[in-house]
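Undergrad: Using the hints, position chain B against chain A.
There are 2 protein chains.
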Amino acid sequence: MSLDVAATKPHERMQAALADDLAAVGVLIRDRMASKHAPRIPEVTAHLVEAGGKRVRPMLTLAAARLCGYVGDAHQKLAATVEFIHTATLLHDDVVDESEKRRGRPTANLLWDNKSSILVGDYLFARAFQLMVETGNLQVLNILSNASAVIAEGEVLQLTTAMNLATTEDIYLQVIRGKTAALFEAACEVGGVIAGRPEDQVRALATYGDGLGIAFQMVDDLLDWGGNTGAIGKNTGDDFRERKLTLPVIRAVARADADERAFWVRTIEKGDQRDGDLDQALALLTAHGTLEETRIEALGWAARSRAALDILPDHPLRDMMGDLADYVVARLT
Amino acid sequence: MSLDVAATKPHERMQAALADDLAAVGVLIRDRMASKHAPRIPEVTAHLVEAGGKRVRPMLTLAAARLCGYVGDAHQKLAATVEFIHTATLLHDDVVDESEKRRGRPTANLLWDNKSSILVGDYLFARAFQLMVETGNLQVLNILSNASAVIAEGEVLQLTTAMNLATTEDIYLQVIRGKTAALFEAACEVGGVIAGRPEDQVRALATYGDGLGIAFQMVDDLLDWGGNTGAIGKNTGDDFRERKLTLPVIRAVARADADERAFWVRTIEKGDQRDGDLDQALALLTAHGTLEETRIEALGWAARSRAALDILPDHPLRDMMGDLADYVVARLT
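Line order of the protein sequences matches chains A and B. Going left to right, the first sequence walks through residues 1 to 333 as the working numbering numbers them. Going left to right, the second sequence walks through residues 1 to 333 as the working numbering numbers them.
Please keep in mind that the hints were generated in silico from the structure rather than gathered at the bench.
Straight-line C-alpha distance at most 16 Å; calculated EDC-like pairs for lysine to aspartate or glutamate:
hint	chain 1	residue 1	chain 2	residue 2
1	B	K9	B	D319
2	A	K36	B	D170
3	A	K244	A	E169
4	A	K101	A	D238
5	B	K36	A	D170
6	B	K9	B	D326
Note that this is a predicted model, so its numbers are computed, not measured.
The following block holds chain A by itself, in its conformation from the complex (with noise of 0.2 Å):
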């Protein structure tokens, strides 16, 4: 199966059926992350930009519109709209988690430092907010605006449930919401949106988006965990060191014994954690079958997300974007 996965991963076919919008965002993008006067924006910009994300969320925006059928130019500026929140969420996620690498190349606020990453990010996100406008709008406006609460909300979340034991399983939905499928939403909203859609047809693209960011954001979650197998790696281990309850943990803590719930107790809520502890977690999380319960869980949300696209106009785009949602949970096998 992984092989077949592998030859046709929908975001390289969607990256190719898009080829002309993705350049002319790529234009809009280099040409507003400039400015006049501070050089140190574009320098900052440009090192996270070029780093080349998969550009997933400017690419949702595109699928969607031309899905619709839109014909026209403002997808592109939403595209980059969408882009910039991305890329400006990531400056100051990286400061707020000390983060040291990204895209496998030194982060921001360890080229330059802290300060940069929050001013450039402040900027960025002013830019988003430039390009949104231009549009002229005003539904647009409203959900880019109301998604961009949902993510500052969600981070601030996270920052206050890190190290709480009594994280919910509906504390877990909303802070992944935030981080990651509130932006995937609102980019492929705005798409039926701008395309001038049906309100059944926009709220279909907006639950393809939710389900699709919260598949994504479960598998991230997992993979940090080695997988459903749970396979120690040497990308494996960060939410456990940093304590983030992610949905297995959650569940495992959920379930523990007296012994099991001191060892969370001591290395989630008092932080002390010492050599063997990353593999007795595991050890702990496979025997309660958290991490395939989690898998479960995210193959749901793809099901869901894919089958909404069904009321949207039959369009080699719409298959290219449920391939993608059972693509996002099918990369951990």
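TA: Positioned in the frame of chain A, the structure of chain B alone reads:
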């Protein structure tokens, strides 16, 4: 003179004239800084909001709208927007400057942490954005999104010009426009726009706010040197210690002889500051007359600001705004 000024502080008269509007803005601010999910957000915000700034910026929006005959409540939303943008920038500034006090109280970054200040600032910025979108006025959105970009750009510029003796008066003006004048300008301008005033009157309000903000910031920078009389007190010398180039220093550096230049290179560029250096710096500013010159510059901007109001309707609020322009410089003496 200082007694006369104290008896008739124009912002206090404005506060009285706009009491109902200001109360409504206060309710709006408390309402919109709430967060269903993340109690940390209103905690941090309330700490700053309740410390009670003078709310000059929202007051300018209210005054501009009322003086232009506006009837409705959108100007209150815009006033709250302006205050949220201001509060967000204060939170981020205090992290960037590693400040420990703000409005006489410990800063949020000190009481909570930098993370909370960064993320709550982002939240307030998003909330500001939501509030202004609710007015449904695209011109207003355009003005405030542009102002947000100028503010962030100015902050980055300030970051990269600190410690740089090549900083020119032009760059200084850009920095203080970003730091202060851009939001003053936008605050006034949107009041006229929401009231549906013709373009020339809207421009006049913008010119008023720009001049007021520049005069205000120049005086603030002067007060950091003890005012035009250069009296060192407990609130002076921060900019020197942080190696910031404000107008009095820029001009003194421009006229420095070789010995003086060596002093500035050592203290500002290299950051090697010793006992007595602050006194020595102040002596140089006094010798070159740049403190008094800065006051004269500020007076010029204040006069320009006041004069711009001439084409606006005759109204008690117009007179108070004019008096405010004089007052921001008169508070020096």
